[in-house]
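Residue numbers (the working numbering), protein chains in the order written: chain A, 1 to 80; chain B, 1001 to 1214.
Honestly, the hints are just simulated from the structure, not real lab data.
Note that the coordinates shown come from a computational prediction; the quantities given were computed from them, not determined experimentally.
Certain hints may be false.
[Stated by the list, open to error] A short, non-exhaustive set of chain A residues, derived as facing chain B with CB atoms under 10 Å:
1. Asp-30
2. Gln-59
3. Gln-64
The beta-carbon is built from N, C-alpha and C at its ideal position, and this holds for glycine as well.
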Amino acid sequence: MPDTAAWTQDPELVESLKLLAMERVKTIPDDTELSVGAGVYSKDQLLTHIRKGDGIGNQIIEVQLRFLRDMASGAIFKDE
Amino acid sequence: MSSLLVSRPKHDLPTEYLFHWCKPVIGMAIKRGMKVLDLKSGKASWKIFVSYLKSADPDLIFLNGHGSAHEIGGQNNEVLVSEKTDVKLLKGKIMYVRSCESGAYLGKFLVKNGLKAFVGYADSFYFPTLIEYKSRPLLDPLTRVFLEPSNLVVTTLIKGHSVLEAHLRSQNSMIQNFKRMVLSSSSSRERVFATYLWSNLQSQVVWGSKDARV
């Protein structure tokens, strides 16, 4: 799992990022699941993990963060 | 005759999907005249893995399953490769690991100790599934977008290309799929999971000789 130390140290930021990740995860269709490591998770299960702030939840937050950072920096469409 | 060792445990849904998605790779290797050492399901044990390394001396090793920065697992997560592995057995070989995180540390460690080249993932490896395709993983169109590019690492190596070419072809395939997924014309299912394909793309790493080939 990526190093999440920086943002997990700020409780206020953690809550904001949880909300952000949850909004994005809510768009996952009900007829799909996501394989993460040894587990397979439905949308509702992912939301629970994010709410709890456990390892899986933090991984999902980190993936969303990385994507948004790369989107904002232009890295995602740099070859366009 | 060059040879390919494949480990494909099958003890939960993620490993079951990977188990089936190895089939096109095995088929291509056989078609190309490679000897395939297939450690499937219960055969994906440490004992059999080591005995095949000793007796068959495969050129290319393709491990599927669960992993961490320090271990790669086989059936029921029995450790196949770790820092405690006798790395002499891996000397001069090319390894692709489709598991979480083994590219973060273990891959570097193995290369430092004699493995010729390693391709793997520094972070978690993600793939989505459509529930209705659970019994037919190879037909799952959503999974295909993630696992076809990863298969390309091995199939490109089987065709005789270098490790760097294998890595880049796989990455390019992920980029093409990603770009298609984020288009407004793509399905909502694809758009939602583009984030996770981006993560796989960013975490795929190469250690060791980029010029190595089978």
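Evaluated hints:
| no. | hint | verdict |
| --- | --- | --- |
| 1 | Asp-30 | 8 Å, holds |
| 2 | Gln-59 | 6 Å, holds |
| 3 | Gln-64 | 6 Å, holds |
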